[in-house]
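*Asks:* Based on the sequences and whatever the hints tell you, model everything.
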Amino acid sequence: MVYTYILKKILFFALTLFTIVTLTFFLMKSIPGDPFTQEQAIPEEILKSLYEHYGLDKPLYIQYIKYIKGFLTLDLGPSFIYEGRTTNKIIAEGFPISATLGFLAFILAIFWGVFWGSIAAFYKGRFLDHFGMILAVGGMSVPSFITATILQYVFAIKWGIFPIARWGSFSHMVLPSIALASFPSAFIAKMTRESMVEVLQKEYILTARAKGLSKFQIWKNHVLKNSLLPVISYLGTLFASITTGSFIVEKIYGIPGLGGWMVSSIANRDYTIITGLTIFYSFILLVSITMTDIIYFFLDPRIKDRFQNHEFS
Amino acid sequence: MNFRSQPISDSYFKESWKRLKSKKLPMLGLYILLSLILCSIFIPLFSSLSYYETNLGMKNTPPNQEFFFGTDDLGRSIFSRIWWGARISLFVGITAAIIDMIIGVIYGSFAALSGGRTEEVMMRIADTFHSLPYLLMVILLTVVMGQGIITIILAITLTGWINMARITRAETLKLKEQDFVQAALSLGASTRRILFVHIIPNCFGTILTTVTLTIPSAIFTESFLSFLGLGVQAPVASWGTMASNGLAALTYYPWRLFFPATFISITMLAFNLLGNGLRDAFDPRFR
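In the order they appear, the protein sequences are chains A and B.
Sequential numbering of the first sequence, starting at 7, is according to the working numbering.
Sequential numbering of the second sequence, starting at -4, is according to the working numbering.
Hints are computed from structural coordinates only; laboratory data are not their basis.
Note that beta-carbon positions come from the ideal geometry of N, C-alpha and C, so glycine has one too.
Worth double-checking, as some hints may not be accurate.
[What the hints assert, rightly or not] Simulated DEER-style distance windows between Cβ atoms:
id : chain 1 : residue 1 : chain 2 : residue 2 : range
1  : A       : Phe133    : B       : Gly110    : 44 to 50 Å
2  : B       : Ile93     : A       : Arg215    : 42 to 48 Å
3  : B       : Asp68     : A       : Glu51     : 43 to 49 Å
4  : B       : Leu245    : A       : Leu21     : 45 to 51 Å
5  : B       : Leu245    : A       : Thr106    : 22 to 28 Å
6  : B       : Gly70     : A       : Asn274    : 32 to 38 Å
7  : B       : Phe37     : A       : Ile301    : 51 to 57 Å
[What the hints assert, rightly or not] With a straight-line Cα cutoff of 25 Å, these simulated DSS-like cross-link-like pairs (lysine-lysine) come out:
id : chain 1 : residue 1 : chain 2 : residue 2
8  : A       : Lys130    : B       : Lys19
9  : A       : Lys208    : A       : Lys221
10 : A       : Lys130    : B       : Lys169
11 : B       : Lys169    : A       : Lys208
12 : A       : Lys54     : A       : Lys130
*Replies:* This is the structure:
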């Protein structure tokens, strides 16, 4: 039963990834112009040999088959712009940086969000609740590029506490990870509060109170596990989007991660890099979503029942 | 058993409106939005300063009595550009949210009503769309279709409708079990009739809330794209473009970033406040 569920999820995973690869490939091909269309004309002969070199002279379906073959052998193709640069190399260089930064922000967002969500739920209707929720709505309303700029201006340019930009030591990671975490932590805080308020109305909480447990013990033993399920489903998507690099935050802080590469390859019309990075991103996203589904299955017995009753698949 | 179509009565809306009116923050959001909309309509109409007129002798002027928000690097009044930008940002946000709503509501409720294979396939398609990396797809589309307001709206709605479709489906599944829908079904009412007479009016609160919360994310996407240089083109002003230009000169002329950034944030805040308020006001638990 468990295996059927997991198998089904993996099948869906493969199907979706295939769809995305195909879709991205043809989207890229439909863009007018190619990386060799430039302001000064390239001689016919050179253009021809360039097309030949990159296989652009072949019919579309052969290019597609070649691409799928490459994809299956984990080769996402070379750059059309920079000699010797491949998508695989870019991922190998950029992903560790984006992932480190993203992971830091991910952890920060979970702790900060669950902390304020819990506080707000336990002190519902009182000052701390209002304060926390104003903080959350504020965090959701200020776009990341503004948060990032303000943090950079205040803490790096005015006060000089942290480095302004670039990548290196831990102190370089502080401001960008706070900027990255501001939206998700606000979102998590809101979700946590909502589900905790619901859990706190349950009768077993009343029992726990009657037993004389402290607020912290109730939170730790009874509330936390039961209210984090909706949050976990969000964490899958969050993990994927936050570890694969943010365009804006990486641009503002001059961080050589995946996001920066994506922006520059879009500007250069570097097809293979754009396609490759998009597919890589979708892959990470799909892995996270599939993992969340499977974890969910084990955490929430209700899903098992529904799956058995064929209510959903 | 109750065979009549359920409480789309006046009293339900009145009750919800009353609950909304009693809350301070959502009403604050509503007032901010109304004044933003009115200002963006009327200030450009009556203002003597244009948004594109350059005046190199007056460039980078700090806020003063003539230029309330100062001027930018070409001497253009930031005050008038803000209000022209408001038109674009609000237009993009609201139009995209409405298109999302139309597609999402029809798709979601139709899937839920059909049931069986059709529903499963339809929701799988939605899932696939959902696993597409949203911002990347938006950027790709902007590259494919060229830049402009229409492109931005299309790009935002490409994946934006899914959330609405899922929410409507969940609501419809709940309503489907209720007596008045079952009665209509057994009397042989057409799917279309059930959709428009029984399902959609009863989802009204949820739909309105979702639309209100979709607008700020659409506005965010617009400013994000403009910030990346993929948005509307000069000389048209959008808040994102202005913020992006202001960023370069942050150290010397901070007002050039401050005003667009503040307006983006305030607008998103107002929509979020109103949306949260609407959700509480229409909450079926109070019904």
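*Asks:* Decide, hint by hint, whether the structure agrees.
*Replies:* Do the hints match the structure? See the list:
1. A/Phe133 - B/Gly110: 44 to 50 Å: holds (48 Å)
2. B/Ile93 - A/Arg215: 42 to 48 Å: At roughly 47 Å between Cβ atoms, A/Arg215 and B/Ile93 fall inside 42 to 48 Å, so the hint holds.
3. B/Asp68 - A/Glu51: 43 to 49 Å: holds (45 Å)
4. B/Leu245 - A/Leu21: 45 to 51 Å: holds (47 Å)
5. B/Leu245 - A/Thr106: 22 to 28 Å: holds (27 Å)
6. B/Gly70 - A/Asn274: 32 to 38 Å: Check passed, 33 Å falls within 32 to 38 Å.
7. B/Phe37 - A/Ile301: 51 to 57 Å: holds (54 Å)
8. A/Lys130 - B/Lys19: Holds, because 17 Å separates the two Cα atoms, which is no more than 25 Å.
9. A/Lys208 - A/Lys221: holds (15 Å)
10. A/Lys130 - B/Lys169: The given pair, whose Cα atoms are some 29 Å apart, is violated under the 25 Å limit.
11. B/Lys169 - A/Lys208: holds (23 Å)
12. A/Lys54 - A/Lys130: Cα-Cα ~70 Å, so violated.
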